[in-house]
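For the sequence shown, the positions run 570 to 884 when my numbering is used.
If you're looking for bench data, these hints aren't it; they were derived computationally from the structure.
Just so you know, these numbers come straight off a predicted model, no measurement behind them.
Just so it is clear, CB atoms sit at the ideal spot from N, CA and C, and this is done for glycine as well.
There may be inaccurate statements among the hints.
[Claimed, not checked] Computed cross-link-like contacts, BS3-like style, restricted to lysine-lysine with a CA-CA straight-line distance of at most 27 Å:
hint, residue 1, residue 2
1, Lys793, Lys762
2, Lys793, Lys816
3, Lys714, Lys695
4, Lys833, Lys800
[Stated by the list, open to error] Computed spacing ranges between beta-carbons, pair by pair:
hint, residue 1, residue 2, range
5, Thr784, Asn847, 18 to 24 Å
6, Asp786, Lys820, 44 to 50 Å
7, Thr650, Ile702, 19 to 25 Å
8, Tyr835, Gly873, 17 to 23 Å
9, Ser799, Thr650, 32 to 38 Å
10, Ser799, Asn660, 56 to 62 Å
11, Asp661, Thr784, 19 to 25 Å
12, Thr812, Ala878, 15 to 21 Å
13, Ile630, Gly760, 45 to 51 Å
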Amino acid sequence: MNQILVTEKKKKNKKTSRGPIEIKGIVRFFAVFIMLFGIVLAGEGSYALYKEIDESKPENIPNLTLTRDGDTVILKIEHNTEISKVNYRWNDGEENSIPEGTTYVEEEILLPDGNNVLNITVIDMKNREYQFIKEYNLEGVDITKPNIEVTQTEEGTANISIVASDETAITEMTYKINDEQEVTVQATEEGQKEITQDITLPEGQNTLTVVARDTTDNVTTYEKQIIVSSKPTIEIVSQEGNTITLKISDKYGLKDVIVNLNGKVYSSRDIDQNPNVNKNEIYVPLELQSGNNVLSIEVTNVNGLKGSASTQLQH
Numbered sequence: 570m571n572q573i574l575v576t577e578k579k580k581k582n583k584k585t586s587r588g589p590i591e592i593k594g595i596v597r598f599f600a601v602f603i604m605l606f607g608i609v610l611a612g613e614g615s616y617a618l619y620k621e622i623d624e625s626k627p628e629n630i631p632n633l634t635l636t637r638d639g640d641t642v643i644l645k646i647e648h649n650t651e652i653s654k655v656n657y658r659w660n661d662g663e664e665n666s667i668p669e670g671t672t673y674v675e676e677e678i679l680l681p682d683g684n685n686v687l688n689i690t691v692i693d694m695k696n697r698e699y700q701f702i703k704e705y706n707l708e709g710v711d712i713t714k715p716n717i718e719v720t721q722t723e724e725g726t727a728n729i730s731i732v733a734s735d736e737t738a739i740t741e742m743t744y745k746i747n748d749e750q751e752v753t754v755q756a757t758e759e760g761q762k763e764i765t766q767d768i769t770l771p772e773g774q775n776t777l778t779v780v781a782r783d784t785t786d787n788v789t790t791y792e793k794q795i796i797v798s799s800k801p802t803i804e805i806v807s808q809e810g811n812t813i814t815l816k817i818s819d820k821y822g823l824k825d826v827i828v829n830l831n832g833k834v835y836s837s838r839d840i841d842q843n844p845n846v847n848k849n850e851i852y853v854p855l856e857l858q859s860g861n862n863v864l865s866i867e868v869t870n871v872n873g874l875k876g877s878a879s880t881q882l883q884h
């Protein structure tokens, strides 16, 4: 009996001594699990931190420049990632969007008077947003550009009039004809608001470039293509019986000829494109009716200049 009790006691003691060993195993398991879980979280946190640092590198931030040109702001943005869109607004006003799909954006933004803050948000294709703010303090500053007017006294003529004006004061005007040397005309009086210059262009097609500057360095550039050409000529060269012959000519070349005789229209178009026709000179025979004849002619040369004539003929 005593032996059985001792044995059972030993068994009981054995069971009791096993308890702490099992608890240590469980604790060790959870410790290892928590450690691994912590490593995973730490890894994710490190990646997020690395990503944030990487995106804030100077080379990953869009390069934005703002240049004031009179009453406009020229916005230029370069980015190493495609730009989804650019939003901008003055102060707390309405937001404007520029949709894009390239790595370069250029936009002219009208500059309001007074003191204003320009807010710009750049959003790229990775859905990253970059914000830029620029303040313009223009209270009492002249931001209006000069005005330039160029006129021909008559279509096709070589005589040109240039007028550069400014609401405050004009400083100078320069002009250049084709590749010739630039000519500068200075204001002669303080507070002068207008400079006028008459010039003569050579025959043919010309490029006229005019630049005007006011006293606060606002600049306007104007370029225009101007053709100096003689108009087509029209004459009756012969008349035999009821037949007359018109001679229509142009030194640069004829394009379209429209003749209306007593309501009947004769037309010839794109003459300069026909290799079988003399584009500088054509002859048009016409049959007159008995009595009064009404004749009108309209001619266009290759430079777009028109010549016209009308008359009444008796037969």
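Now for the hints, and whether the structure bears them out:
{"no.": "1", "hint": "Lys793 / Lys762", "result": "holds (23 Å)"}
{"no.": "2", "hint": "Lys793 / Lys816", "result": "violated (34 Å)"}
{"no.": "3", "hint": "Lys714 / Lys695", "result": "violated (40 Å)"}
{"no.": "4", "hint": "Lys833 / Lys800", "result": "holds (25 Å)"}
{"no.": "5", "hint": "Thr784 / Asn847: 18 to 24 Å", "result": "violated (57 Å)"}
{"no.": "6", "hint": "Asp786 / Lys820: 44 to 50 Å", "result": "holds (45 Å)"}
{"no.": "7", "hint": "Thr650 / Ile702: 19 to 25 Å", "result": "holds (22 Å)"}
{"no.": "8", "hint": "Tyr835 / Gly873: 17 to 23 Å", "result": "holds (22 Å)"}
{"no.": "9", "hint": "Ser799 / Thr650: 32 to 38 Å", "result": "violated (58 Å)"}
{"no.": "10", "hint": "Ser799 / Asn660: 56 to 62 Å", "result": "holds (57 Å)"}
{"no.": "11", "hint": "Asp661 / Thr784: 19 to 25 Å", "result": "violated (33 Å)"}
{"no.": "12", "hint": "Thr812 / Ala878: 15 to 21 Å", "result": "holds (19 Å)"}
{"no.": "13", "hint": "Ile630 / Gly760: 45 to 51 Å", "result": "holds (46 Å)"}
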